[in-house]
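Protein chains in written order, with the working numbering: chain B, 1 to 401; chain X, 1001 to 1401; chain U, 2001 to 2401; chain P, 3001 to 3401.
Since no wrong hints were added, every one of them can be taken at face value.
30 angstroms max Cα-Cα, derived BS3-like pairs, lysine-lysine:
id	chain 1	residue 1	chain 2	residue 2
1	P	K3263	U	K2097
2	B	K72	B	K89
3	B	K263	X	K1097
4	P	K3263	B	K89
5	U	K2263	U	K2274
6	B	K263	X	K1347
7	B	K263	P	K3097
8	B	K263	X	K1089
9	P	K3069	P	K3347
10	B	K97	P	K3097
11	U	K2097	X	K1097
12	X	K1347	X	K1200
13	X	K1263	X	K1274
14	U	K2263	P	K3347
15	X	K1263	B	K347
16	P	K3089	B	K263
17	B	K97	P	K3263
18	P	K3089	P	K3069
19	B	K263	U	K2263
20	P	K3114	P	K3069
21	P	K3263	U	K2347
22	B	K72	B	K347
23	P	K3263	U	K2089
24	U	K2263	X	K1097
25	X	K1263	U	K2097
26	B	K97	X	K1263
27	X	K1263	U	K2089
28	X	K1089	X	K1072
29	B	K69	B	K347
30	B	K114	B	K89
31	P	K3089	U	K2263
32	X	K1089	U	K2263
33	P	K3097	U	K2263
34	P	K3114	P	K3072
35	X	K1263	B	K89
36	B	K263	B	K274
37	X	K1263	P	K3263
Per the computed footprint, the stretches of chain X lying under chain U, defined by three or more beta-carbons under 8 angstroms from a beta-carbon of chain U, are:
id	region
38	1038 to 1047
39	1077 to 1090
40	1093 to 1103
Note that these hints are calculated values from the structure, not bench results.
Virtual Cβ for every residue (Gly too), placed ideally from N, Cα, C.
These are the residues of each chain, in order.
4 protein chains.
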Amino acid sequence: MDAILPKTSHSLDLQQRYLDVRSRSARICQGLNPEDFVIQSAEHVSPPKWHLAHTTWFFETFILQPHHKDYKLFHPEFNYIFNSYYESKGERLRRDKRGLLNRPRLAEVLEYRKHVDEAMLDWLGVQSHKENELMALFEIGLQHEMQHQELLYTDIKFILGHNPLQEAYSPEAREDRPGEVHGAGWIEMDAGLYHIGFDKSANAGFSFDNEHCRHRVFLEAYAIASTPVTYGEYVEFIESGAYDHFAYWHSEGWDWKCSNGIKSPMYMFCRDGKWMRYSLSGIIPVNMQCPVLHLSWYEAAAYAAWRGERLPTEQEWEAGSDRFAWGQSWEWTGSAYRPYPGYVQPKGAVGEYNGKFMINQMVLRGASPATYPGHSRSTYRNFFHPHYQWQFTGLRLARSI
Amino acid sequence: MDAILPKTSHSLDLQQRYLDVRSRSARICQGLNPEDFVIQSAEHVSPPKWHLAHTTWFFETFILQPHHKDYKLFHPEFNYIFNSYYESKGERLRRDKRGLLNRPRLAEVLEYRKHVDEAMLDWLGVQSHKENELMALFEIGLQHEMQHQELLYTDIKFILGHNPLQEAYSPEAREDRPGEVHGAGWIEMDAGLYHIGFDKSANAGFSFDNEHCRHRVFLEAYAIASTPVTYGEYVEFIESGAYDHFAYWHSEGWDWKCSNGIKSPMYMFCRDGKWMRYSLSGIIPVNMQCPVLHLSWYEAAAYAAWRGERLPTEQEWEAGSDRFAWGQSWEWTGSAYRPYPGYVQPKGAVGEYNGKFMINQMVLRGASPATYPGHSRSTYRNFFHPHYQWQFTGLRLARSI
Amino acid sequence: MDAILPKTSHSLDLQQRYLDVRSRSARICQGLNPEDFVIQSAEHVSPPKWHLAHTTWFFETFILQPHHKDYKLFHPEFNYIFNSYYESKGERLRRDKRGLLNRPRLAEVLEYRKHVDEAMLDWLGVQSHKENELMALFEIGLQHEMQHQELLYTDIKFILGHNPLQEAYSPEAREDRPGEVHGAGWIEMDAGLYHIGFDKSANAGFSFDNEHCRHRVFLEAYAIASTPVTYGEYVEFIESGAYDHFAYWHSEGWDWKCSNGIKSPMYMFCRDGKWMRYSLSGIIPVNMQCPVLHLSWYEAAAYAAWRGERLPTEQEWEAGSDRFAWGQSWEWTGSAYRPYPGYVQPKGAVGEYNGKFMINQMVLRGASPATYPGHSRSTYRNFFHPHYQWQFTGLRLARSI
Amino acid sequence: MDAILPKTSHSLDLQQRYLDVRSRSARICQGLNPEDFVIQSAEHVSPPKWHLAHTTWFFETFILQPHHKDYKLFHPEFNYIFNSYYESKGERLRRDKRGLLNRPRLAEVLEYRKHVDEAMLDWLGVQSHKENELMALFEIGLQHEMQHQELLYTDIKFILGHNPLQEAYSPEAREDRPGEVHGAGWIEMDAGLYHIGFDKSANAGFSFDNEHCRHRVFLEAYAIASTPVTYGEYVEFIESGAYDHFAYWHSEGWDWKCSNGIKSPMYMFCRDGKWMRYSLSGIIPVNMQCPVLHLSWYEAAAYAAWRGERLPTEQEWEAGSDRFAWGQSWEWTGSAYRPYPGYVQPKGAVGEYNGKFMINQMVLRGASPATYPGHSRSTYRNFFHPHYQWQFTGLRLARSI
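Excised from the complex, chain B in its bound form (with noise of 0.2 angstroms):
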């Protein structure tokens, strides 16, 4: 985790990690053709060119605008064209027209990115950067930029593997993590008082605002999986005919299944009696070792529920989190996402960062082999809706004793 410390304000210090992060963006695409950037293959997917300018857009937006005088906006339509969902910024461009964005031209969009990026070196380099709050805005940027770029992976991996010809992304891609089987089994946590949220007096690192606010909960006794669920494992359970028999499921999880005509988890499927399935770097054989990814929280319910278990709670998750190894995958838990006691919704733009988004969706734990490297942590809160497939989700097991 050390890595994504801001260890000092030294301003060389602050230059060198901005480039870190921000050079990543560009190294994710750099395989892809210039066609690849301009798609949206759904709704909630967006083009990779779209992620480079919105990544950049926040810092020109945020940071360069209102704190550094000299600074000349790139294009006076971008505000338009690259704000996600800002209430504040302005009017935008609707989600769903992402993918019409052939203009500007990748070719613009880099250069905007080295324009910002000159701006934020010079910025770093001159000011003093004293100011807490600054320095607090600066790093959520970079954060920012941390998460697109696993999203840069989910949705790469999308739109090429929604391509009719499927074609690989890399060949050295490696999405399978095995999970650590040997003494695979149950880890029992005692009924008491655990305490939950990121702890700021103990931690000097980064956290966000969805984690703050560290508070005690009561945990029933319970019991909690040391792996993820596995391929082999998921496997059973389709061959089961699961999918194909309500009582595993909640009502919206088989409307949801029956309507979209799915059978498995998103990229499996199963070819001359052999489980296959799109990976980043092609069609592979599933290994049965490693944990199912790709899977939505109604099939993560519907699973444990065959198994007479349950998903855990965040709660119980974050307790027993240094007793079993993670980061395989996203695991979704039976936690809806709403705010910690105590929550307060930052005041500004920032503001609309994680607040609005806590209902309906659920909080998924851990991170994934799309992450930043340290980006996560075991107090880190992500979430999606019920029904998504397209990160890298899977889940583990729990049960109540």
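Put chains X, U and P on the given structure of chain B with help from the hints.
Same frame as chain B, now just chains X, U and P:
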């Protein structure tokens, strides 16, 4: 609450209780015209005739068919027509098609009720009903009908209130029950362990599976309002322009509000500078002392944010509920509808009653003027999607201290 | 045809004729239950109560309000509720919302009819109606009601036939009128100039503006079938597998068929190897000698293509119409509904009757068992969108020679 | 017109002609960026890359595969991806999914073109092509590509013009061709018999099946305008408020206008009181002398009604076409697209070219600045749905006399 408890399993008492509950459904519909019985003004609203038949189908399907050996099915098509959502009971009419049921005629549905009522009285009279499980099923049938009686009120109101003529249901219908305004204020609750859920060991009455599994929760110190929010208070929110200011709203709430042109809770409107509302007794001036009704969770949450407060969690509500009056409206809480620790979905069709809806809905606590007297209790968990306004919904504020 | 002609402008005759037409609407609805009057089973179908009120609104709006100086409006909201599509008459209830009209109650609509009828009789009796224009308007009101009487039959059939119980409208209702099978064959027509359109100089009877502007057309030699296509012939088409073979279908027809799962004309189905159909007298075996009913233009055109023939143009139909019997079904033609040369849309609201619908619809010629006796004539132009099956529609073949 | 006629079946001429047509498609796309090739801004618009590949697929599928015995298929998936609407050629990518084709890459599509071009040249060179049928197929392939070249222009314009940045396609692109304003007026045509359709006996050139079956029509006397309607004339219509007055509009046109917020032909807008429009050369002032472009049939018909005139039928247009200049825009006629008397749909896949679209579309006559030089002729029948604005469409007035 006594009224709803089966104090004895003596047949005469059971028959009387059955008739009490059943006859009230018909009484609620007494003032309607035949045409009122078949309208489905929106997908989530069911026609009164459907409610009358569906509650009857429930007894026929779960009690008479499996447990009354001489029972003669009333009509072979009714299982298809009047099954609401029980996958285990086979194919059924799509929910949004309930408004196409001109046939069976109302008279036939009333006959159906009579036919089933006679068989039920017979079954209650002759057999020995020592078996707990069967009695539990019978009780669920009654509770189910009570719930549909509330829906009859809300659906009749919706049907009449969305007709261009907005005629009254009955001049005597009273929705307004002023809160105890004197002494209104904040009730402070200490941090500590609280027991949540229905206590079966201490209470012989009926309860639903979703409130079972009494368990401990730790609550940080908080305060909860002694009265629900009134129309007067809510009008301040409207008149402040808050419906046009995104900062108070969840992102999905803002979209819902914009795309549906929502400017107030359902049935309220301003005419010549005076706030009016459609009620079951017709169009009346808004009584500013009474609890505001018919708001969505999005509006409740936005109102709380505008006041700088928040909604209570369902645990906070329950823990404090013996210190305030409730029952004037269903009160939106900040809790998503999820199972209690230890919850296990019952086997069979009854298992479809609650568990499969535990996603994407928010918990409401309390009761409304339309609730069957004594049907609710402080552990009762009602639930709806956050965008629905058509129930008698309101809110109570809370804050962390 | 005599029956519908105002032979005199004598008041008593006019009053009698008015009552004849008006009373028939109520008679058509005699056997219905109150609930049947309010159902709108599809957007293009209107509830019977709406038909009864809308035809009344027509007289109230176009005759009584402007021309009867003592007329007292029945209800201020009815113009909003019962205006069908007259933009010049102000805002109106959306067409797809007609099924939400539980109120006004049926009794009130019948009172409305009585109120308007009395005023109309009064107006017909007292005033001198020499003015041609007013009499023409009055006649349009009657013709309009006749057209809605046919719609009453087709909409009642749709409502009852799409209800899961498929009850009969009346045991006496007769839809089947066998074609003159003896001597069935091809009628050959020479190439030449033909006069098309209603001949006002030779004919005193009523006609619609869309059939005026009698003009000359040149037809190349052709043949037209002496009888419409029968169920027996159409069943061959179905059983040949033609519904699964795109080559006979228009592209939009194929898409319509596929996405709606159409496998036959409306109301037909095969049970235990036997073709049955829902008719106004209930479910009956298909009479193979009778004209096929309830097919879309797409099906009619596909059938013709499968036989290697085609549909006649409306001019070919009209030119040959005195050489064959017609009236068993509305017959789809190959002509789009467009104005005749010289057609000028009348000024004012009456101009909205026909002209504004002259796009994207196909012309039908003939009449059906549900048509008001004598209402149609060989120059009459009926029209519907090509995907509609719910009228009593059939076809007659033609070929070029 | 000479340019497009195969004067000889000599191989060298055929090869040259093939290359002339084919190379022009690539030339049209020369100035585009790779990202421009993959955008589908609306369902009816196809990405340029798709056009380039689909026209190639046409030759591969209809000529090379069946008739070139050494032909090696370029890619097994391309039949699925680049088939437009030929049911006889198997399953295909849904039309609205063409914008998801980041792969195959542009480079691969250009290779595909090269691969097919080489095989075609080989086929044209080596074989003896005396067979009329094969040569007709070859010619259809060329004509098909010419049609797609016009679509390339209209789709590129749509893609660039609907992007927030509205960049120019090329500074040299010229859309405006003023009509012959001097001497503009009405051309009177006598009543009488006219021959309509392509005269194969007198004309060796290519024509489509939909213009065959030359036949006689009788036209009542009429007059037709010598020039198309200009921007100047159309602006009077707009500024008169006619877009807000239902009386000029067809019912479906009015609904289309209202629900899409249409206030003018596509690409036109008023800025600071001055009419501007987006053209292929960027945003330019409207030239009031030039024919108005990009209007729907609904707008054309409403304009004519507002002037008290009408659209000519396609027969009136054709009969008068040697007395006026045409070619500045596709001119909407008052005729629905239906087969000529005697029309028989060709057998096989070629039969899917025209006949199956003969419903719900309106005929356009003329040609536009985007039409392949010489591709059109006075008997040519173009057709689109009445709500489309994205082609270079205009109108010419007519009246009955």
